[in-house]
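Student: Position chain L relative to chain R; hints supplied.
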Amino acid sequence: MGTTSELSQKIVATRYETLTPQAIAAARQLVLDGLAIALAGTEEAAVRILAEHYRGFGARDDATALGFGFRTAIPCAAALNGAAMHVLDFEPMWTPSNHALSTTLPAILALAETQRVSGRDVVTALVKGIEIQGWTRHSGHVYEHGGARFHPPGLVGPLGSAVAAGHVLGLDAKAQAHALGIAASRCGGLLANVGTMTKSTHCGHAAMLGLEAAMLAARGFTGNANVFETHQGYGAVFFGDTFQPDDLLNFGPPYRIAQPGYAMKMFPSQYGTHFAITAGLSLHEQIPDLASVRAITLHSPVMQYVNRPFPETGLSGKFSLQYTMARALLDGRVGIDTFTDANVKEPPILALLDKVALKMDPAIPARFDQMHVEASAELADGRVVHTRCDGPRGIWGSPPISEPDHLVKVRDCLGRVMPEAKADDLITLARRIDVLDSDGVRELLRLAGEGRGA
Amino acid sequence: MGLTATLAERIAATRYDDIGAVALVAARRLVLDGLAVAVAGTKEKAIQILAAHMRGLGGVPEVSAIGGGFRTDPVRAAALNGAAMHVLDFEPMWSPATHALSTTLPVALALGEAHGLSGREILAALVKGIEIQGWLREASGQFIPEQLQFHPPGLVGPMGAAVVASHLLKLDGSKLQHALGIAASRAGSVFSNAGTMTKSTHCGQAAALGLEATMLAAQGFTGDAETFDSPQGYAGTFYKGTYRPDELTKFGPPWRVVSPGYAIKMFPSQFGTHFVITAGLELHRQLGDRVAIRAVTLTGPVMPYVNRPAPETGLSGKFSFQYVLAAALLDGKVGIGTFTDSTLRRADIQALLAKIQFRMDPQIPARFETMHIDVAVELTDGRTLQARCDGPRGVWGKPPIPVVEHLVKVRDCLAVRLAPEAIERCVALAGSLDELPADGVRELMTLVRCDA
Chain R
17 MGTTSELSQK IVATRYETLT PQAIAAARQL VLDGLAIALA GTEEAAVRIL
67 AEHYRGFGAR DDATALGFGF RTAIPCAAAL NGAAMHVLDF EPMWTPSNHA
117 LSTTLPAILA LAETQRVSGR DVVTALVKGI EIQGWTRHSG HVYEHGGARF
167 HPPGLVGPLG SAVAAGHVLG LDAKAQAHAL GIAASRCGGL LANVGTMTKS
217 THCGHAAMLG LEAAMLAARG FTGNANVFET HQGYGAVFFG DTFQPDDLLN
267 FGPPYRIAQP GYAMKMFPSQ YGTHFAITAG LSLHEQIPDL ASVRAITLHS
317 PVMQYVNRPF PETGLSGKFS LQYTMARALL DGRVGIDTFT DANVKEPPIL
367 ALLDKVALKM DPAIPARFDQ MHVEASAELA DGRVVHTRCD GPRGIWGSPP
417 ISEPDHLVKV RDCLGRVMPE AKADDLITLA RRIDVLDSDG VRELLRLAGE
467 GRGA
Chain L
1020 MGLTATLAER IAATRYDDIG AVALVAARRL VLDGLAVAVA GTKEKAIQIL
1070 AAHMRGLGGV PEVSAIGGGF RTDPVRAAAL NGAAMHVLDF EPMWSPATHA
1120 LSTTLPVALA LGEAHGLSGR EILAALVKGI EIQGWLREAS GQFIPEQLQF
1170 HPPGLVGPMG AAVVASHLLK LDGSKLQHAL GIAASRAGSV FSNAGTMTKS
1220 THCGQAAALG LEATMLAAQG FTGDAETFDS PQGYAGTFYK GTYRPDELTK
1270 FGPPWRVVSP GYAIKMFPSQ FGTHFVITAG LELHRQLGDR VAIRAVTLTG
1320 PVMPYVNRPA PETGLSGKFS FQYVLAAALL DGKVGIGTFT DSTLRRADIQ
1370 ALLAKIQFRM DPQIPARFET MHIDVAVELT DGRTLQARCD GPRGVWGKPP
1420 IPVVEHLVKV RDCLAVRLAP EAIERCVALA GSLDELPADG VRELMTLVRC
1470 DA
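Line by line, the protein sequences are chains R and L.
In this text, residue positions in the first sequence follow the numbering used here: the first is 17, and each later residue adds one.
In this text, residue positions in the second sequence follow the numbering used here: the first is 1020, and each later residue adds one.
Excised from the complex, chain L in its bound form:
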């Protein structure tokens, strides 16, 4: 039996009871984080355009558009909700790097709401969908940005979404093989769309098209059933020369949602920028509010896509080491408001940006797990202040973000669109997802729909 068949059989055989308490805790927290960042994301222009587009298509009203105040068909809803969940770049980071939540949770919620499924099944599906994405990233043998041709969630996301949907639609291993083959033809997404509205659709489309692949396979539609074995299949096409197929056989406990787990994001920007922000905030404390800076030198790994000395939009600022450093130094905090077009145009930020030099050092590993950055601020009085960051709080190997602190982020995000009562109800429902019957899942989705 080929690897694809073996893997598909194992995935199909994995049930809620196989997941275990620790992974369920991690998954519940992800659901809460995902819903919160998605609700906050719906105020972004990208999502408002997508919502108007999707609403105009008028699908059968089965699934809530988060923050949209309407319902549509599961595929459209997955596309929209996935983009909303990603657009702020506020969802958890994974190792190897990808965005595994916005590609999968919207699928689980869409089918949950449409088909009246329990919270348990949603959690089990989510754990499985994240699991396959993690092992696909490991199997790729491609870990640093310059090795990556495609944006990871666009590459592994459709497969994750297909696995989530196959759990909830109860596909057997054989049909799942076809679903994976179909989904493989939806994988892609060029990296250079980072910093544009399109980036969020990498996650949304992955969710939608992976879901669709599984819906089609359930009806007998065929794809290459050996996509992890075929020379021109998924691995042969995307991982040629670096493929480590044995990694895929590790699908299973202790589950990647737990080991190595995820890093909760406390800033809404690309994860590498969190290193820079952490150093910038430390320097801000040293500097106080009166900043008399002559020059700033930032030294980091080779990551050309976050080398943006003069970003033109707030969205692009999320991918600029220079911009986040300027904002952290000046404001002493970084939040959703940091990345608006109007903040970007602030005179003090623009003036400081002109003084920042970013030096990419090939000696520094370009992986989130092992990288670091150094910042040296030269003041007008001749003093030089320095800070180094080996990892933001909550990164792998450091203590995780405490639950209470995470709840502050969650409530902040939900408050972008929801009233206090609705916020508390959301937190309570998502916090007990594995005990929720279908009605509870639907109540949760109704709340985050944010009807006017």
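Just chain R, with the same shape it has in the complex:
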């Protein structure tokens, strides 16, 4: 039997009963995190344009557009909600690096208003959709940023969505294999679009197109059913010789959602910048008088796409080691409002950015689980203040973000678009996702659907 067939059988055999308590607990937290950041994301211009675009199709009202107060066709809802869930760059980070949540959860939720989808189904589908993404990333054996050709959620997200939706739609192993074959032809997503509105659609389109692959496979549509191992298949095309399809067969307990798990993001920006932000916050505490700063040197791994000395837009600022570090130093905090178009052009930040030099050092590993940054500020009196960040709070290998801390993030996000009482209701439901019946899941979507409206 080929790898894809064997994998598909493992996928289909994975049910709620085979999940571990750790995986279920992790999925609960992810559902809440995903909904909260997606609702906060609906304020972004990129998502508002997408919402108008999808609303314009006047398609069937089968699935809720989170936060916009309208419903649309199932694939369209997945695309829109996936983009909303990613646009702030606030969703959890995975290792190898990826955005595995915004590519899957929206596909699952998009089906919940036309199918009977219980909370257990949501949790199981999510664990499975994340699992396949993790092992596909791992099977490519490309961990360093310099080795990446495509933006990971565009690269593996459609497969994750095809598996998550495949669970909800009850695909058998054969149909699941075809769904993976179809989804492989939807993979892509260019790194050059990082820092533009298009980046969020890598996740939204992955959710939509993987879901559509599963919907088509359910109707008997065919793709290459051996796509991972075949000549000119997924592995060969996207990874070449480094791809080891057999690694995919690790699919299963303890599940990647729990092991190695995810790093909860506490800042809405690219994950490498969290190292720079942590360093910047440390400098902020040590330097009471910013006027005394003569120059700052920031040492980082080689990550060209986050070398942006003077970002032009707020979105682009999320991918600037210089801007995020300088903002942390200037403001002593980094939040959603740090990344508005107006804020990247403020005179005080421009003055500070003038003093920042980024040195990218090839000796520092360019992967989140091994990298570090160092910042040295030279003051007018000749003193040098130095700080180093080996990993932001909550990174793999350090204590996870505590639940109360996470709830502060969630309430912050929800508070931007809904009153406190409603946010409380939503939080209460989402934290019980694994015991909700299908009506409960719909109630959760109803709460998340209204938001503040378009």
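Any given hint could be a false lead.
What the hints assert, rightly or not - Pairs of lysine-lysine, DSBU-like flavour, derived with a Cα cap of 35 Å:
(1) Lys375(R) with Lys1259(L)
(2) Lys1064(L) with Lys26(R)
(3) Lys1062(L) with Lys1417(L)
(4) Lys26(R) with Lys190(R)
(5) Lys1352(L) with Lys1062(L)
(6) Lys1374(L) with Lys1352(L)
(7) Lys190(R) with Lys1374(L)
(8) Lys361(R) with Lys375(R)
(9) Lys1189(L) with Lys1259(L)
(10) Lys1374(L) with Lys1064(L)
(11) Lys1374(L) with Lys1269(L)
(12) Lys1062(L) with Lys190(R)
(13) Lys361(R) with Lys1189(L)
(14) Lys190(R) with Lys1064(L)
(15) Lys1374(L) with Lys1417(L)
(16) Lys1189(L) with Lys1269(L)
(17) Lys361(R) with Lys371(R)
(18) Lys1374(L) with Lys1062(L)
Everything labelled a hint here was simulated from the structure, so no lab data went into it.
Tutor: Relative to the frame of chain R, chain L by itself:
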């Protein structure tokens, strides 16, 4: 100014009046061919599944689903009509190889019908959309199958569709730069889906997602505006190490629809198989109907994806050198009916397939423009018959398929779904597309919708 900006400005400045009569003739013929093969394609199972799926999504009824008897929103319609136009593998072939029509014409027709545009604008948009795909293929520096990681229409199609839509939605150069950047993130499609239903969606999705990229850019959505310049942009990602950027600056007259032009397909299968079919048909004439074959040796270029000794579906048979040879030898003709699952299961075909050896010779160039194939048939009486094909009729460098003969193909295809009167009306409307006002375009789309 970067290459992307220069190119986008030139594309945006190109108007109907710049196209010229020769290119318009070529484009009109493409419209007719595309509509005909799409109508015929709608009887395929792949398209029926897609149509049911798209219909179920219920988009605002602005654009006809060819052969579907319903209308939906422009993006869904482009996806469905693009797949229908490709599924038979009957649309024209281009040099360097791609399928440039099913990725673009559905977009032009969708916006034409939805926005009430004239036939002239549709033709101008089509010429531009094909133009960019041709130069992107040239710029790739990747021409033989083993160099290709992605199926070409999935790779260049979204860019072509974005250019078509940008002409019809009147984007300026700056917005087109963003549309191209967005569309670049929709490019892909793995080659190994050839021979499955998914292959046709490479064209349909390219059309739909390129159109969507332009619709979003028109609303101010942003992508990398330098996608042909950026190290991790379109060319940097897909053409790394082989990129020939200067090719892109050649966008313009005499237009690729004319030079090098396209090869009209007279058989509904992968273009390399047309070489094999041509040789097989010649041998069939020599053999007559009583075929007593001991063994067949087929020698061709290295094209692993068409080396399919025992295809399992009719769809997969379209990509099998062995299968098309068996069918041509036995039946003396190859048509849509050759590639049904039931024909594939015929005992005589299966018996002959077992006798065919395909030898891939690295000495033979693996490009449609320069390849050839040889077939040797050893008979039970000891005789050996041979045939060689340097190119099917209508290939570049040979006389094009005559108009009257093309019309036979077109009428055959339309007759799969339409009555004679409707066929003649379609042929007349598409044949005078550059004189059609919006009403005429809508009448044409209504006809090919094939309402019950």
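Student: If a hint holds in the structure, say so; if it doesn't, say that too.
Tutor: Here's how the hints hold up against the structure:
1. Lys375(R) with Lys1259(L): Holds, because 26 Å separates the two Cα atoms, which is no more than 35 Å.
2. Lys1064(L) with Lys26(R): Given that 35 Å is the threshold and the Cα spacing comes to 29 Å, the pair holds.
3. Lys1062(L) with Lys1417(L): 32 Å, holds
4. Lys26(R) with Lys190(R): Holds, at roughly 12 Å.
5. Lys1352(L) with Lys1062(L): 20 Å, holds
6. Lys1374(L) with Lys1352(L): 20 Å, holds
7. Lys190(R) with Lys1374(L): 31 Å, holds
8. Lys361(R) with Lys375(R): Holds, at about 23 Å.
9. Lys1189(L) with Lys1259(L): Satisfied, since the Cα-Cα distance of roughly 32 Å is no more than 35 Å.
10. Lys1374(L) with Lys1064(L): 30 Å, holds
11. Lys1374(L) with Lys1269(L): 48 Å, violated
12. Lys1062(L) with Lys190(R): Satisfied, since the Cα-Cα distance of roughly 25 Å is no more than 35 Å.
13. Lys361(R) with Lys1189(L): Since the Cα atoms of Lys361(R) and Lys1189(L) sit roughly 32 Å apart, the hinted pair holds (cutoff 35 Å).
14. Lys190(R) with Lys1064(L): Within the cut-off at roughly 18 Å; holds.
15. Lys1374(L) with Lys1417(L): Given pair Lys1374(L), Lys1417(L) holds - Cα atoms ~32 Å apart, limit 35 Å.
16. Lys1189(L) with Lys1269(L): 22 Å, holds
17. Lys361(R) with Lys371(R): 15 Å, holds
18. Lys1374(L) with Lys1062(L): 32 Å, holds
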